[in-house]
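Going down the list, the protein sequences come from chains H and F. Going by our numbering, the first residue of the first sequence is number 1, and it counts up by one from there. Going by our numbering, the first residue of the second sequence is number 1, and it counts up by one from there.
Keep in mind that the hints were calculated from the coordinates and are not lab data. For glycine and all other residues, C-beta sits at the position ideal for the given N, C-alpha and C. Careful, some of the hints might be misleading.
Stated by the list, open to error - Stretches of chain F that chain H covers, calculated by requiring three or more beta carbons in the stretch to come under 8 Å of a beta carbon on chain H:
(1) 33 to 45
(2) 202 to 212
To be verified - Derived lysine to aspartate or glutamate pairs resembling EDC-like cross-links, with alpha carbons at most 20 Å apart:
(3) Lys168(F) / Glu383(H)
(4) Lys246(F) / Glu135(H)
(5) Lys33(H) / Glu14(H)
(6) Lys376(H) / Glu116(H)
(7) Lys94(H) / Glu287(H)
(8) Lys219(H) / Asp231(H)
(9) Lys219(F) / Glu136(H)
(10) Lys258(H) / Glu116(H)
(11) Lys53(H) / Glu326(H)
(12) Lys350(F) / Glu326(F)
(13) Lys385(H) / Glu135(F)
(14) Lys376(F) / Glu195(F)
(15) Lys349(H) / Glu274(H)
(16) Lys172(F) / Glu131(H)
(17) Lys172(F) / Asp166(H)
(18) Lys364(F) / Asp285(F)
(19) Lys172(H) / Glu131(F)
(20) Lys219(H) / Glu136(F)
(21) Lys246(H) / Glu195(F)
(22) Lys340(F) / Glu329(F)
(23) Lys168(H) / Glu383(F)
(24) Lys172(F) / Glu136(H)
(25) Lys219(H) / Asp75(F)
(26) Lys364(H) / Asp285(H)
(27) Lys385(F) / Glu383(H)
(28) Lys165(H) / Asp166(F)
(29) Lys50(F) / Asp75(F)
(30) Lys246(F) / Glu131(H)
(31) Lys246(H) / Glu131(F)
(32) Lys220(H) / Glu135(F)
(33) Lys165(H) / Glu326(H)
(34) Lys355(F) / Glu383(F)
(35) Lys157(F) / Glu81(F)
(36) Lys49(F) / Asp328(F)
(37) Lys246(F) / Glu383(H)
(38) Lys172(F) / Glu142(H)
There are 2 protein chains.
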Amino acid sequence: MKKRKMAKKKYKKEFEVTPWSVEGKVDYERLTKEFGLKLIDSKILERIKKHTKELHFLLRRNIFFAHRDLDWILDKYEQGEKFFLYTGRGPSGKTHIGHLIPWIFTKWLQDKFDCELYFQITDDEKFLIKEQTLEEINKNVEENLLDIAAIGFNPEKTYIIQNTKDIKLLYKIAIKIARNVTYSTASAVFGFKKESNIGIIFFPALQAAPCFLPSVLNKKNIPCLIPAAVDQDPYWRGIARYVAPKLGFYKPAQIHSKFLPGLKGEKMSSSEPESCIFTTDSEEDVERKVWKALTGGQKSLKEQKEKGGNPDICLVYKYLFYFFEENDEKIEKIYSECKKGERFCGECKKYLSSKIKEFLREHKKKRNIAKIEDYKKNLNILEMKI
Amino acid sequence: MKKRKMAKKKYKKEFEVTPWSVEGKVDYERLTKEFGLKLIDSKILERIKKHTKELHFLLRRNIFFAHRDLDWILDKYEQGEKFFLYTGRGPSGKTHIGHLIPWIFTKWLQDKFDCELYFQITDDEKFLIKEQTLEEINKNVEENLLDIAAIGFNPEKTYIIQNTKDIKLLYKIAIKIARNVTYSTASAVFGFKKESNIGIIFFPALQAAPCFLPSVLNKKNIPCLIPAAVDQDPYWRGIARYVAPKLGFYKPAQIHSKFLPGLKGEKMSSSEPESCIFTTDSEEDVERKVWKALTGGQKSLKEQKEKGGNPDICLVYKYLFYFFEENDEKIEKIYSECKKGERFCGECKKYLSSKIKEFLREHKKKRNIAKIEDYKKNLNILEMKI
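Generate coordinates for the entire structure from the input sequences, incorporating the hints supplied.
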């Protein structure tokens with residue numbers, strides 16, 4: 001007993017992933033086991049490819065690395081049962097590149113499988129755990145919505161639900177979920193304590209609600225696939241999948257991504273702005289931040305030539321690999337040139353800077369013409385059905 | 001320490017009043033002290049009378065017996081600050097006479113002080129604590145709404161809020177409340193346990209929300225007076241009044257009634273239909289139930305004449321006193337005649353039956369022409385403001 005406790009303690013020290021914080025260096029294989037997820041393997045990639053023709057680079061590079069019941073989703077799809085997508089955003093601040101990874105992948109899934117998408121903005125959650133006012137959070141929401149619209153989700157098939165505004169769509173489902181979840185269960189999943197406020201204790205029911213919303217609206221079970229960063233798993237594992245059979249719904253399936261780290265090696269966090277690339281950053285911001293990024297280079301050009309660099313610990317390389325260099329040949333070339341000492345940090349930084357600036361120019365253009373009303377108008381139709 | 005615990009235990013055995021159950025014979029003076037309420041005395045009755053000209057019989061007879069800050073409400077009123085009323089209904093079943101007492105008194109207050117009224121239907125609460133489905137509870141709501149409309153609240157100044165349908169009006173205020181209430185605080189007030197579900201733990205924030213809704217809508221503080229049965233006090237004492245200063249709102253004031261007991265002496269409860277007079281009871285139902293009611297009469301007519309009856313423990317007398325005989329002279333006459341053995345149980349039962357039947361005939365007429373839409377249309381205006 002004591003031994004087990006010790007082991008747990010040690011494990012905790014190495015890394016900890018919860019929906020509200022990620023600490024330490026994450027061992028993704030271990031996390032997959034711990035959460036009871038499955039790794040995405042070549043077999044399931046082949047199955048996906050059968051339907052999508054090509055694989056998104058986020059799949060090819062194992063950035064979307066784990067899943068639960070994705071095989072079941074494909075079974076259903078092959079049997080003619082279409083699934084819908086559900087993802088979301090906790091509007092704690094400005095949008096950074098790390099946020100875009102699941103959204104861009106979600107759009108790809110929407111296009112390839114022709115899915116409806118339910119996108120939840122959990123402004124209530126952020127209010128309940130932060131010191132910010134609802135007005136401050138609403139400003140974040142307005143900014144985030146521009147980024148969401150800039151992704152280009154299919155406006156005919158996308159529903160953006162902001163909890164405090166569109167609560168009517170979710171509340172009845174949420175109380176059906178909540179009736180089946182005790183404080184004891186919820187605190188085991190999320191680590192609630194006596195000092196936790198009664199709003200955040202109820203909140204998991206609201207985050208789980210969209211998993212079942214289309215089934216309620218259509219009066220028949222519709223499979224749900226959730227693309228998200230892996231830290232959100234407790235909501236699905238501990239709440240949505242736990243109550244689904246009690247309420248007569250399908251359990252939602254999941255596909256999860258790793259975290260894009262901050263440019264200085266830690267988790268990207270809006271509280272460390274110099275470590276993040278925000279979608280609203282200026283070209284100067286980008287150049288400065290990339291210039292100060294942590295690399296795997298040697299101390300001098302001479303040493304770099306002799307020993308070669310270490311792309312595996314280099315954040316500049318990581319940003320190219322995760323997001324800014326989609327071309328596999330190019331990324332492999334960068335990796336091997338660095339290893340062999342044929343490539344220098346300055347060159348890579350310049351290349352990443354130019355890639356980021358190019359991306360942001362395009363993104364900002366879309367952001368400026370984004371029409372969030374296109375997505376909002378769909379909600380009226382849902383509200384009449386609920 | 002031990003002694004105190006013992007005392008509490010003994011006290012608990014005698015009676016217990018919580019928002020979900022009332023057990024034992026309630027000692028109202030003791031309850032008033034325990035809850036930190038004030039008894040309604042002649043001084044405050046005089047102050048009310050100054051504005052209302054006459055006193056409602058529920059005040060004259062001390063059925064509305066306790067308050068909190070009612071003097072402050074009158075101060076404000078005299079200074080030209082109008083207050084609003086807030087009461088509600090937990091739709092666990094059909095409406096019985098016990099439910100009507102606070103509503104009828106609320107209408108009187110509305111008329112006398114020309115108040116807005118916010119009436120909350122807590123269908124979510126009943127769903128969260130009962131075994132019923134939302135559909136079953138919604139049927140109760142539809143029935144209850146007819147009774148509420150039959151009371152005749154001012155349709156221009158009354159807002160009926162059904163939580164699952166009108167949640168949008170309350171949710172933002174509720175999360176502001178919830179952020180300030182820990183699980184620890186809520187469980188101390190309501191006795192939540194680890195097995196309590198996460199919905200009912202959040203619910204107190206929703207029941208407290210209407211206390212502040214008019215202040216939010218009007219962007220200025222508006223005093224609130226809550227007429228209700230005394231078992232609802234924990235919501236106001238433990239939640240609404242506790243958070244009000246933290247959110248910059250006035251604390252709500254309260255005026256509380258005793259419980260109309262069941263015809264067999266226990267608390268009126270829909271689960272014991274023979275002990276309740278429902279608003280939909282037939283004339284036969286009324287006659288049968290009154291005939292079987294517990295009285296304070298002697299075993300025989302002879303004994304009754306010799307020893308006199310005991311109206312203080314008689315449920316037939318209690319029903320006349322609480323509700324069906326508003327005329328003070330008549331009720332005193334009945335009391336003294338019974339005491340002196342000049343009046344017999346059969347006579348009283350017949351009289352009560354005829355009074356109830358008369359009341360129900362009138363009530364059913366109003367119920368049949370009740371237009372609940374008159375109250376519902378007002379909500380649209382509020383929704384646009386929130």
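Now for the hints, and whether the structure bears them out:
1. 33 to 45: violated (count 0)
2. 202 to 212: holds (count 3)
3. Lys168(F) / Glu383(H): holds (12 Å)
4. Lys246(F) / Glu135(H): holds (17 Å)
5. Lys33(H) / Glu14(H): Holds. Lysine 33(H) to glutamate 14(H) sits at ~15 Å (cutoff 20 Å).
6. Lys376(H) / Glu116(H): holds (14 Å)
7. Lys94(H) / Glu287(H): Between lysine 94(H) and glutamate 287(H) the Cα gap is close to 19 Å, so the pair holds against 20 Å.
8. Lys219(H) / Asp231(H): violated (31 Å)
9. Lys219(F) / Glu136(H): Roughly 18 Å separates the two Cα atoms, so the pair holds.
10. Lys258(H) / Glu116(H): violated (24 Å)
11. Lys53(H) / Glu326(H): Measuring from Cα to Cα gives roughly 17 Å; hence the hint holds.
12. Lys350(F) / Glu326(F): The given pair, whose Cα atoms are some 17 Å apart, holds under the 20 Å limit.
13. Lys385(H) / Glu135(F): Holds: lysine 385(H) and glutamate 135(F) sit about 16 Å apart, inside 20 Å.
14. Lys376(F) / Glu195(F): violated (36 Å)
15. Lys349(H) / Glu274(H): holds (15 Å)
16. Lys172(F) / Glu131(H): It holds: about 16 Å lies between the C-alpha atoms, which stays within 20 Å.
17. Lys172(F) / Asp166(H): holds (11 Å)
18. Lys364(F) / Asp285(F): holds (15 Å)
19. Lys172(H) / Glu131(F): With Cα atoms ~16 Å apart, lysine 172(H) and glutamate 131(F) stay inside 20 Å; holds.
20. Lys219(H) / Glu136(F): Cα-Cα ~18 Å, so holds.
21. Lys246(H) / Glu195(F): Judged against 20 Å, a Cα distance of about 17 Å means the pair holds.
22. Lys340(F) / Glu329(F): holds (16 Å)
23. Lys168(H) / Glu383(F): holds (12 Å)
24. Lys172(F) / Glu136(H): Holds: lysine 172(F) and glutamate 136(H) sit about 14 Å apart, inside 20 Å.
25. Lys219(H) / Asp75(F): Violated. Lysine 219(H) to aspartate 75(F) sits at ~55 Å, over the 20 Å cutoff.
26. Lys364(H) / Asp285(H): Satisfied, since the Cα-Cα distance of roughly 15 Å is no more than 20 Å.
27. Lys385(F) / Glu383(H): holds (18 Å)
28. Lys165(H) / Asp166(F): holds (12 Å)
29. Lys50(F) / Asp75(F): holds (12 Å)
30. Lys246(F) / Glu131(H): holds (14 Å)
31. Lys246(H) / Glu131(F): Between lysine 246(H) and glutamate 131(F) the Cα gap is close to 14 Å, so the pair holds against 20 Å.
32. Lys220(H) / Glu135(F): Since the Cα atoms of lysine 220(H) and glutamate 135(F) sit roughly 18 Å apart, the hinted pair holds (cutoff 20 Å).
33. Lys165(H) / Glu326(H): Not satisfied, since the Cα-Cα distance of roughly 37 Å exceeds 20 Å.
34. Lys355(F) / Glu383(F): violated (42 Å)
35. Lys157(F) / Glu81(F): holds (17 Å)
36. Lys49(F) / Asp328(F): Roughly 17 Å between the alpha carbons, so the hint for lysine 49(F) and aspartate 328(F) holds.
37. Lys246(F) / Glu383(H): Cα-Cα ~34 Å, so violated.
38. Lys172(F) / Glu142(H): Holds. Lysine 172(F) to glutamate 142(H) sits at ~17 Å (cutoff 20 Å).
Going down the numbered hints, you'll see the structure goes against 1, 8, 10, 14, 25, 33, 34, 37, while the others check out.
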